[in-house]
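Spelled out, the chains give:
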Amino acid sequence: MELRYFIIRRLLLMIPTLIGLTIIVFVLMWSLPHTFLASAFINPKAPNRAQAILTAENQLGLNQGIVLAYLHYLGNTLTGNWGYMTLTTPIKFDGTVLSGIGLFFPNTIQLVIFAAILSILIAIPLGTYIGARPNSIADHSGRIFSLSFYAIPVFVLAVVFQVIFGKGVIAGNPVGIFPISGTFSISAINVISPPSWLVSGVGGVVLSQPTHLIIFDSLIHGDYALAGNAFMHIVLPVLVLTLSLLAGILRFLRASMVDAANSEYIKTARSKGVPENIVVKLHMRRNALIPTITVLGLLFASLLGGVVLIEDVFDYPGIGYLALSTILSGSIFGVLGTTFLFGIILITANLLVDITYAILDPRIRY
Amino acid sequence: MYSIQNLEDELNKNNTTNEDEYLKVTDLVTNFYTSRGIVKALDKINFSIRRGEIFGMVGESGCGKSVTALSIMDLVQDPPGRVVSGRVEIDGFNIFSDIKDLAKIKVKSETDVKIKRNKRAIKKHNFMLSKIRGKKAGMIFQEPSLALNPVLRAGDQITENILLHNKKNIADSLINRANLSLDDVKLVVDEVLKNKDETKSILNNWCRRNALVDLETQINSIFKNYTDPKEIENEIVSLIKGGLTLVDKASLIEARDYYDYKERMENLEIKRFAATEESDSELIRSIGAEEVKLRGTSGARFRSYSLKRIFTGKKVEKAFKTEANRRAKELLSLVSLPDPERIMRSYPHELSGGMQQRLMIAIALASDPKLLIADEPTTALDVTTQAQILKLLRNLNQLVGASILFITHDLAVIAEMCNRVAVMYAGSIVEQGDVLDIFDSPKHPYTVGLLGAIPTPQVKTESGINLHTIPGSVPNLITPPSGCRFHPRCSFAMEVCSKSKPKLVELEAQRKVACFLYTSEVEE
Chain A
0 MELRYFIIRR LLLMIPTLIG LTIIVFVLMW SLPHTFLASA FINPKAPNRA QAILTAENQL
60 GLNQGIVLAY LHYLGNTLTG NWGYMTLTTP IKFDGTVLSG IGLFFPNTIQ LVIFAAILSI
120 LIAIPLGTYI GARPNSIADH SGRIFSLSFY AIPVFVLAVV FQVIFGKGVI AGNPVGIFPI
180 SGTFSISAIN VISPPSWLVS GVGGVVLSQP THLIIFDSLI HGDYALAGNA FMHIVLPVLV
240 LTLSLLAGIL RFLRASMVDA ANSEYIKTAR SKGVPENIVV KLHMRRNALI PTITVLGLLF
300 ASLLGGVVLI EDVFDYPGIG YLALSTILSG SIFGVLGTTF LFGIILITAN LLVDITYAIL
360 DPRIRY
Chain B
0 MYSIQNLEDE LNKNNTTNED EYLKVTDLVT NFYTSRGIVK ALDKINFSIR RGEIFGMVGE
60 SGCGKSVTAL SIMDLVQDPP GRVVSGRVEI DGFNIFSDIK DLAKIKVKSE TDVKIKRNKR
120 AIKKHNFMLS KIRGKKAGMI FQEPSLALNP VLRAGDQITE NILLHNKKNI ADSLINRANL
180 SLDDVKLVVD EVLKNKDETK SILNNWCRRN ALVDLETQIN SIFKNYTDPK EIENEIVSLI
240 KGGLTLVDKA SLIEARDYYD YKERMENLEI KRFAATEESD SELIRSIGAE EVKLRGTSGA
300 RFRSYSLKRI FTGKKVEKAF KTEANRRAKE LLSLVSLPDP ERIMRSYPHE LSGGMQQRLM
360 IAIALASDPK LLIADEPTTA LDVTTQAQIL KLLRNLNQLV GASILFITHD LAVIAEMCNR
420 VAVMYAGSIV EQGDVLDIFD SPKHPYTVGL LGAIPTPQVK TESGINLHTI PGSVPNLITP
480 PSGCRFHPRC SFAMEVCSKS KPKLVELEAQ RKVACFLYTS EVEE
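Going down the list, the sequences are from chains A and B. When we follow numbering that gives the first Met the number 0, the leftmost residue of the first sequence carries the number 0, and every step to the right adds one. When we follow numbering that gives the first Met the number 0, the leftmost residue of the second sequence carries the number 0, and every step to the right adds one.
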């Protein structure tokens with residue numbers, strides 16, 4: 000009961016947060032020269048440019064003062080009119096920011112979901128194990144592992160992994176079996192007559208139907224060789240992301256396990272005759288997960304930053320790759336759109352963290 | 000029945016040297032190995048607690064009262080602390096029988112101590128302790144708000160304890176209840192309605208005969224609340240069959256046998272453990288033989304049962320849980336918590352300090368231990384709540400018959416609560432005896448000083464009430480004073496006091512003092 004009201008309240012609180020986010024993005028936009036903005040807002044394919052600039056100025060409310068201009072911006076954002084952008088990658092694409100995001104975002108989701116699930120699945124049992132045995136050999140190695148991977152920037156890690164595990168980076172390397180760029184190899188498909196569900200395939204970007212995720216789509220259409228090939232392509236980026244996320248979770252879980260182990264209620268549990276493994280798994284871990292979950296929100300934010308870098312290093316067509324190429328090509332509405340999207344993702348992630356927090360810790364009701 | 004029962008009785012008889020003594024602590028030494036030196040927190044503590052008595056332990060802060068409590072249950076935080084030597088016999092079983100195997104402690108200097116823990120021995124030790132803790136002795140802590148797990152519901156914290164130790168018992172009462180038919184209930188209802196004056200004794204007999212003792216009060220109140228015999232019958236039947244609607248009798252019996260088998264095997268393991276430490280080879284052999292026999296008759300059956308339990312056991316476990324919940328609610332009313340139904344669902348932070356401490360007591364009592372260790376249970380509570388909790392503990396002592404080790408720094412509480420008392424100073428017991436004797440004629444200079452420090456309105460000087468204190472302060476236990484640890488503060492100190500430590504000797508019956516004013520015996 001109470002939890003339901005809490006969730007509803009948090010969802011309602013998301014609205015002002017999102018409005019704050021639009022204000023920030025709008026201020027970024029407003030600080031630019033208005034003629035530049037107007038010309039960037041035009042569909043590149045529009046026939047009459049002079050007329051189009053006038054229409055764009057009206058649509059953006061550029062000559063109607065900051066308040067009206069903001070309302071115009073809000074209206075445009077909510078109705079899905081996020082402007083236009085150019086892409087350096089040649090691809091079939093209608094030029095709007097939203098459809099650009101639709102093209103690239105699924106690839107990132109795939110990466111992040113694999114990395115998040117993998118790191119949580121490893122970090123929680125491992126953190127429980129080493130946290131329950133402070134100062135043992137397992138604990139020391141776990142700490143060295145997590146501290147080093149927490150400290151090494153992801154792009155460095157990415158490059159190191161490319162060198163060690165990358166296919167063809169070092170000649171004759173027995174572990175160098177993973178491709179280092181793109182989502183699949185051109186050689187894995189018939190270029191002359193590609194399958195009907197694969198539309199356009201230049202520069203690593205393909206549009207596969209129906210999910211836009213090459214692994215799942217090739218599985219759906221029964222092309223297992225291509226699925227395997229695409230899977231090999233995401234191994235390295237997922238590995239790098241997993242390691243950095245895993246290191247963070249492990250560090251905090253271990254610390255809060257040690258904290259919990261020193262508390263009085265653990266003595267109570269032992270004094271009841273609770274077996275040691277249940278003391279650790281129920282009494283200690285349940286309490287230790289609370290601070291860890293809080294940190295997970297912060298880790299997720301740093302993960303998003305890492306994704307941009309990793310996608311660039313691996314030439315992987317995800318949202319980070321999109322953000323970077325819009326910046327490089329000067330497509331200001333592409334930059335604003337991806338910024339807004341990153342904001343939404345962060346806010347949603349924090350909402351999820353807060354809800355998990357409330358489920359785990361009965362004392363929390365904001 | 001298994002012949003094993005006889006062996007167990009035999010073992011119990013052998014181990015219990017004095018029928019009266021439930022807890023016997025002998026030469027207990029606990030040290031804390033810190034970076035600043037070794038804190039000699041307990042220096043050969045000796046005392047024993049009889050069945051059913053309330054034993055007080057009093058002293059200044061830092062004198063080792065709480066460490067004593069924790070050491071008895073081997074709950075001292077390690078690192079830095081360790082019980083180094085000594086015996087703690089709970090119900091005849093020495094929980095530190097394997098103390099030499101647990102860790103090798105090499106003392107190079109005060110600040111440089113190497114402790115090599117034997118992980119395998121510690122694992123075994125912990126397993127053995129998990130069968131003793133809770134079942135034989137429960138513990139109540141000083142700060143209930145810290146001692147209750149904040150993320151578990153009150154109900155779950157109580158039932159956890161019940162389900163850990165009492166599964167066989169629960170199965171037994173569930174089976175007994177399943178055996179009762181409606182006719183049995185009809186008979187007793189008729190009988191009671193005919194002889195209304197003897198309601199209590201009839202019900203008492205009936206409940207005892209049918210293993211329904213835990214339901215007696217509820218059945219009594221049904222007779223008070225209803226008059227129509229049909230209604231009474233229905234109410235009693237629904238009460239008795241409460242946990243049984245989900246599960247058939249056959250699987251209950253199977254579960255009972257399984258837990259019985261498990262308990263026997265565990266008991267044998269614990270007995271073997273003790274026998275191994277005392278290298279009683281004949282006993283070890285007979286235990287081994289019994290184990291083989293037990294495994295032969297029931298082992299195969301229950302190996303398959305533990306597999307089956309994964310698939311079909313859920314219903315049985317649910318019946319167990321229901322019954323445990325019912326017992327938990329009963330415990331909550333036993334410790335005078337109102338509205339048990341609601342408390343069961345609450346989290347600790349939703350309860351007040353007094354209610355939390357009552358809950359803590361209910362948890363400690365859940366597995367029906369015969370010893371409660373109460374470590375300053377009222378220190379964190381305000382005075383009125385304190386009085387209620389003390390009253391509750393005293394009532395429980397009479398009702399449940401559990402002995403209580405009551406630790407406090409408050410002499411008034413000791414006087415009110417305890418039968419016997421031990422006075423602790425800097426890690427040693429300096430005086431021990433009947434509460435009245437000690438308050439009437441304290442022997443040890445420290446006890447005299449403690450009692451003198453109680454403010455009384457009569458002692459007035461011109462500047463107002465003159466508060467007596469013992470000069471000096473509690474010594475640093477890293478470098479405790481030589482000889483008698485109290486001698487630097489003692490106004491009767493003699494030459495011998497700084498050289499050797501007096502032994503705790505029996506002056507008269509039940510009266511022990513460790514002071515050279517009364518004895519010349521030296522502790523080696």
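A hint or two may mislead.
Not the full set, but computed from the structure, chain A residues with beta-carbon under 7 Å of chain B [what the hints assert, rightly or not]: (1) ASP93; (2) ARG132; (3) ARG269; (4) SER270; (5) GLY272; (6) PRO274; (7) GLU275; (8) HIS282; (9) ASN286; (10) ARG362.
No lab work stands behind these hints, which were simulated from the structure alone. Source: prediction; values computed, not measured. For each residue, glycine too, the CB sits at the ideal point set by N, CA and C.
So, going through the hints one by one against the coordinates:
1. The beta carbon of ASP93 (chain A) is not positioned within 7 Å of any beta carbon in chain B (closest approach about 51 Å), and the interface hint is therefore violated.
2. For ARG132 (chain A), the interface hint is violated, since its Cβ never comes within 7 Å of a Cβ in chain B; the closest pair sits about 10 Å apart.
3. Hint status for ARG269 (chain A) relative to chain B: holds, with the closest Cβ pair at about 6 Å, below 7 Å.
4. Taking 7 Å as the C-beta cut-off, the interface hint given for SER270 (chain A) holds, the closest approach to chain B being about 4 Å.
5. Given the 7 Å rule on beta carbons, the hint for GLY272 (chain A) holds: about 3 Å separates it from the nearest Cβ of chain B.
6. Contact between PRO274 (chain A) and chain B, as hinted, is supported at the beta carbon level, the nearest pair being about 5 Å apart and thus within 7 Å.
7. The interface hint given for GLU275 (chain A) is met, as the beta carbon of that residue sits about 5 Å from the closest beta carbon of chain B, less than 7 Å.
8. Hint status for HIS282 (chain A): holds, given a least beta-carbon distance of 6 Å to chain B, under 7 Å.
9. The closest approach between the C-beta of ASN286 (chain A) and any C-beta of chain B is roughly 6 Å, which is under the 7 Å cut-off, so the hint is satisfied.
10. Of the supplied interface hints, the one on ARG362 (chain A) holds, with its beta-carbon coming within about 5 Å of a beta-carbon of chain B, less than 7 Å.
Checked against the numbered hints given earlier, the structure breaks hints 1 and 2 and satisfies all the rest.
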